[in-house]
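Asker: Residues per chain are reported as follows:
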Amino acid sequence: MRPFELTAPTTVEEALAEPGAFLAGGTTLVDLMKLNVMTPQHVLDINALPLTGIDTSDGLRFGALERMADIAAHPGVYPVISRALLLSASQQLRNMASIGGNLLQRTRCTYFRDVSTPCNKREPGSGCPAINGINRMHAILGTSDSCVATHASDVAVALVALDAEIKLESATGTRTVKLADFYCEPGDTPHIENDLRTGELITEVIVPRLDWAQRSTYVKVRDRQSYEFALCSAAVALDIQDGQIVDARVAVGGVATVPWRLSQVEDALRGKPATLESFEEAAKLAVEGAKPLMHNSFKVSLLRRTVVRALVEGSR
Amino acid sequence: MPSRVDGPQKVTGRAKYGADNSFPDMVYGYVVTSTIAHGEVVAMDVTAAKSAPGVVGVYTPFDSLEIHTPSTPFFGETWVPLQNRDVVYYGQPIGVVVAESFEQARDAAYTIEVSYTEHPAATSLRDNLDNAEDSHPARDGTPPVISFLADGVESIEDAIAASQVVVEREYSTATQNHVAMEPHSAVALWEDGVLTMYTGSQATNIQVMELAPAMGVEMTQVHAVNPYVGGAFGGKGRTSIPAFLAAAVSRALGRPVKVVLTREQVFTVTANRPETLQRMTIGAGTDGTITALRHESWSATPLDRSYVEQTSHTTSRDWYATQNLALAQRMVPLTIPPATFLRAPGEAPGSYALESAMDELAVALNMDPIELRLRNSSIGPMGSDLQWSAKYLDDCYHIGAARFGWEHRTPAKGREDGDWQVGMGTATAMFPAFRFPASVDVTLKADETAVVSTSGADPGTGLLTVLSLVGAESLDIPADRITPRLGDSAYPPGGLSGGSTATASAGSAVLIAASQVIDDLLSVATAPGGPFEGKEATYADGRVLADGRSMSFGEVLRALGREAISATGSSGPGEEMTKHSFSSFGAQFCEVRVHKLTREVRVSRMLGVFDAGRIINDKAARSQLMGGMIWGVAMALHEGLEMEPNGRFANADLASYLVPVNADIPQVDVHFVQHPDTLLNPVGAKGIGEIGTVGMAAAVANAVYNATGIRVRRLPIAIEDLLD
Numbered sequence: 001m002r003p004f005e006l007t008a009p010t011t012v013e014e015a016l017a018e019p020g021a022f023l024a025g026g027t028t029l030v031d032l033m034k035l036n037v038m039t040p041q042h043v044l045d046i047n048a049l050p051l052t053g054i055d056t057s058d059g060l061r062f063g064a065l066e067r068m069a070d071i072a073a074h075p076g077v078y079p080v081i082s083r084a085l086l087l088s089a090s091q092q093l094r095n096m097a098s099i100g101g102n103l104l105q106r107t108r109c110t111y112f113r114d115v116s117t118p119c120n121k122r123e124p125g126s127g128c129p130a131i132n133g134i135n136r137m138h139a140i141l142g143t144s145d146s147c148v149a150t151h152a153s154d155v156a157v158a159l160v161a162l163d164a165e166i167k168l169e170s171a172t173g174t175r176t177v178k179l180a181d182f183y184c185e186p187g188d189t190p191h192i193e194n195d196l197r198t199g200e201l202i203t204e205v206i207v208p209r210l211d212w213a214q215r216s217t218y219v220k221v222r223d224r225q226s227y228e229f230a231l232c233s234a235a236v237a238l239d240i241q242d243g244q245i246v247d248a249r250v251a252v253g254g255v256a257t258v259p260w261r262l263s264q265v266e267d268a269l270r271g272k273p274a275t276l277e278s279f280e281e282a283a284k285l286a287v288e289g290a291k292p293l294m295h296n297s298f299k300v301s302l303l304r305r306t307v308v309r310a311l312v313e314g315s316r
Numbered sequence: 001m002p003s004r005v006d007g008p009q010k011v012t013g014r015a016k017y018g019a020d021n022s023f024p025d026m027v028y029g030y031v032v033t034s035t036i037a038h039g040e041v042v043a044m045d046v047t048a049a050k051s052a053p054g055v056v057g058v059y060t061p062f063d064s065l066e067i068h069t070p071s072t073p074f075f076g077e078t079w080v081p082l083q084n085r086d087v088v089y090y091g092q093p094i095g096v097v098v099a100e101s102f103e104q105a106r107d108a109a110y111t112i113e114v115s116y117t118e119h120p121a122a123t124s125l126r127d128n129l130d131n132a133e134d135s136h137p138a139r140d141g142t143p144p145v146i147s148f149l150a151d152g153v154e155s156i157e158d159a160i161a162a163s164q165v166v167v168e169r170e171y172s173t174a175t176q177n178h179v180a181m182e183p184h185s186a187v188a189l190w191e192d193g194v195l196t197m198y199t200g201s202q203a204t205n206i207q208v209m210e211l212a213p214a215m216g217v218e219m220t221q222v223h224a225v226n227p228y229v230g231g232a233f234g235g236k237g238r239t240s241i242p243a244f245l246a247a248a249v250s251r252a253l254g255r256p257v258k259v260v261l262t263r264e265q266v267f268t269v270t271a272n273r274p275e276t277l278q279r280m281t282i283g284a285g286t287d288g289t290i291t292a293l294r295h296e297s298w299s300a301t302p303l304d305r306s307y308v309e310q311t312s313h314t315t316s317r318d319w320y321a322t323q324n325l326a327l328a329q330r331m332v333p334l335t336i337p338p339a340t341f342l343r344a345p346g347e348a349p350g351s352y353a354l355e356s357a358m359d360e361l362a363v364a365l366n367m368d369p370i371e372l373r374l375r376n377s378s379i380g381p382m383g384s385d386l387q388w389s390a391k392y393l394d395d396c397y398h399i400g401a402a403r404f405g406w407e408h409r410t411p412a413k414g415r416e417d418g419d420w421q422v423g424m425g426t427a428t429a430m431f432p433a434f435r436f437p438a439s440v441d442v443t444l445k446a447d448e449t450a451v452v453s454t455s456g457a458d459p460g461t462g463l464l465t466v467l468s469l470v471g472a473e474s475l476d477i478p479a480d481r482i483t484p485r486l487g488d489s490a491y492p493p494g495g496l497s498g499g500s501t502a503t504a505s506a507g508s509a510v511l512i513a514a515s516q517v518i519d520d521l522l523s524v525a526t527a528p529g530g531p532f533e534g535k536e537a538t539y540a541d542g543r544v545l546a547d548g549r550s551m552s553f554g555e556v557l558r559a560l561g562r563e564a565i566s567a568t569g570s571s572g573p574g575e576e577m578t579k580h581s582f583s584s585f586g587a588q589f590c591e592v593r594v595h596k597l598t599r600e601v602r603v604s605r606m607l608g609v610f611d612a613g614r615i616i617n618d619k620a621a622r623s624q625l626m627g628g629m630i631w632g633v634a635m636a637l638h639e640g641l642e643m644e645p646n647g648r649f650a651n652a653d654l655a656s657y658l659v660p661v662n663a664d665i666p667q668v669d670v671h672f673v674q675h676p677d678t679l680l681n682p683v684g685a686k687g688i689g690e691i692g693t694v695g696m697a698a699a700v701a702n703a704v705y706n707a708t709g710i711r712v713r714r715l716p717i718a719i720e721d722l723l724d
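Order-wise, the sequence lines are chains A and B. Position 283 of the first sequence, counted from 1, bears residue number 283 in our numbering, the numbering being contiguous throughout. Position 86 of the second sequence, counted from 1, bears residue number 86 in our numbering, the numbering being contiguous throughout.
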């Protein structure tokens, strides 16, 4: 860990006045600083900023510093969000990690995390050993010739399914962006992971009101039952009336370079009876465009199955 | 049942592990490792590192430390770092940066530029089978390739061909690391030419035997201190790289030095259980009698061939009675990190292959797998005249089947429960029972307490508590009057906490020392000037009795004006080894649930019933066995290091090298059939440290087959193995 300067602003204005890496829960930043993957010269501890509060009066609004554990435990939060949070990390990490930081967490690609190997995301142009390496955990959707790393967040998948937005503040102004538009697929610039501009800070997460999202769930498939990243996950919300699917939201994680919305699956579900047959038929569309690698071709089948399982469980 | 005597220290954080020691003026070492698997270090640019803040020393093969290669009877030669420029695996220690803080040392280490000339790496076991060599002889001297054939049978092939039913299958197991909670670490301090070493180890006296020659000093000049060990499992037998480096750097700088491996480094700078490939061929009659068994094994081994995972000789020779048996243990030298003992070395992966094949045979015969095993139960190792001293495996199976509800298992295909397929599996467990030499000192003190001490280690197994319990029993006083001490090379040589031997070895020595100290006490009590002068005295309840009068041992000592009286007892393998073969036995049961859609395997219940001689401390023994069984689940479903063609481990951290978490481990039931085996040792105890792991991976795999109809012959079993 390189020596760095640490300051602790107490207002958003102060925090935005100086350049540096924002430290909230620290569960990604400190980890990657120890590994020499991130080497900020200036770290701003933003935990004293007043970016808290969970408002469930009209849709959901979370201050960016709300901890994962607190949002998960809040009674007014849609099940798909609280389940996605509760299936993330460990209780200790959820107690520390903020919702804003969660959305910016870096990939778990082990080549990205090991500075002795090349990585286009860490050092643009150095190469991607994962494409022909050990890539069982890697993505099959949204990949490029430069990068096949998955996005690691669970709750981002749920939020993308629910059309969530984030509020971004900087010294020059404030803007609101749809989370789905915020993330960038790697293309030939895998080091650019999102639309966060220099000096911008996520201050709030906003989930539009969607009453039928009370019928929603998050399914996470992984190699052990807890404290493990997804091989494949699916966030699902269903509006079912009289056995018919009126509307549906489906997004998946663990298989894509960004939280991956499956609008084609949603389209296929609308107007169909809420039956296993409809779910299986629609889930076939989930794997459109999938590009499996040497060790992760099973994810094509697993993705389809995970979507079916989430739809089945979400419809119960 | 008594709790661990060191429990309160451990759970409150007061127990001082090796790296918890700190001294004034101490500096910190950070190990630099290679980023190629095979070749030579041509140059190391350490200019930036040397001038980095806080750095007090940078040592490399070009600017090295004085460390000599030590050799011990138990381990042979142990490799020491920085003595040449050869690189034989990725992640090999090639330097150490020493600074005023750990962070400064690490930061400086990142600036070192290394140039290499590279040689081809060989990292895949399967791709290098053509380079296989016959392995070393087995522990008991048995040659690596051996067969035992019935009269008139020409070859194992003939015996197989003559069998009515034959199962022939190949199984593979993954490279595993011990991942002890305490990473390998050391704090070294030289004072007046004497090295004091604080580090986790399975045997302080063996550590002294390695460190003294490594440093070129006498054994009396090394003092190893090791009261608490944060897990070892075979991975802390040899002296660790941090210990060699800390000792040498401390001497070079004249300052105390702490060296702690990062978790990532533990995977390469220490040693692993190597991967294996095993081909099993079992022939049987239609009645289930095994007529031929062939077990061919290949183990990866590092280029120095210093360790081989002996899977065939540790299982198939002992487990089943057959007229015809052929074993072949081969090793494939690869540019991989060192390999060493890891819990149930040989038996754990060997039992996966053997007990999976037995399950496949039961399916082929349409026979209950328990019945098949009991029908072929061995009375001793093949080719040996020495029968098992005692064997209650049948009881283990009968009791286990009843406790587990085996009769509810549907043989052809398991049952369904909602979205889950449910299946049951079973497997046999065996682990040899033996002793290492161990000495223990027992001291009776005038304050009515007693001290039981040995240099042996308690790597979490409960040996400290055993010393207390066996000491109390043999001195006939309550355990709260015993002070057990271990993990200090100043105490009598306590042997190795390995091979599931510590309780039997040290426990037997306690009995001998206690009996001696009681004799000595009686003789001073009845000697001229003693309180029972000229009487025939006896000892009971911590008291000396004669003529209807009694005194506590403290009173006797005080009457004599003595502070204490001591005796040392030693025990080791003896004549018993010429009379019987010795083993612990067990029956493992497992129930798994496999999701119909997404194919996760979840263990829902497990039971182990063990015949392990006398159980000294039921509570600690139960924990040991549970831990072992959980290791078996980990081996079956979670653990496996993945190596890239260039020798780099792709998952060398605890986020991606998976071990089970609480959520993976449901109800674990352990039951003992208690038959003290005093033919083995006076305590009647056999080993319990490793047998819990043996067979469990096969029980899981067999349960997966029962649930799904899919036989997975590769560990760990993954979701993709169960997808169509």
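Think of the hints as simulated: they come from the structure by calculation, not from any bench. Treat the hints with caution; some may be incorrect.
The calculated lysine-lysine pairs, modelled on DSS-like cross-linking and capped at a C-alpha distance of 25 Å, are [stated by the list, open to error]:
hint, chain 1, residue 1, chain 2, residue 2
1, B, Lys-596, A, Lys-34
2, B, Lys-16, B, Lys-596
3, B, Lys-596, B, Lys-10
4, A, Lys-272, A, Lys-284
5, B, Lys-596, A, Lys-284
6, A, Lys-272, B, Lys-596
7, A, Lys-167, A, Lys-178
Which bits of chain B does chain A cover? Going by a derived footprint, with three or more residues having C-beta under 8 Å, they are [unchecked claim]:
hint, stretch
8, 592-604
9, 661-667
Note that the coordinates shown come from a computational prediction; the quantities given were computed from them, not determined experimentally. Using N, Cα and C, we set each Cβ at its ideal position, and we do this for glycine too.
Asker: Hint by hint, say whether it matches the structure.
Answerer: Tested hints:
1. Lys-596(B) with Lys-34(A): Violated: Lys-596(B) and Lys-34(A) sit about 41 Å apart, past 25 Å.
2. Lys-16(B) with Lys-596(B): 48 Å, violated
3. Lys-596(B) with Lys-10(B): At roughly 43 Å apart (the allowed maximum being 25 Å), Lys-10(B) and Lys-596(B) break the hint.
4. Lys-272(A) with Lys-284(A): The given pair, whose Cα atoms are some 15 Å apart, holds under the 25 Å limit.
5. Lys-596(B) with Lys-284(A): With a Cα-Cα distance of about 17 Å, the restraint between Lys-596(B) and Lys-284(A) holds, given a limit of 25 Å.
6. Lys-272(A) with Lys-596(B): 24 Å, holds
7. Lys-167(A) with Lys-178(A): 9 Å, holds
8. 592-604: Satisfied; 6 residues make the cut.
9. 661-667: Answer holds; 4 residues pass the 8 Å Cβ test.
The structure fails to meet hints 1, 2 and 3 from the earlier list, while all remaining hints are met.
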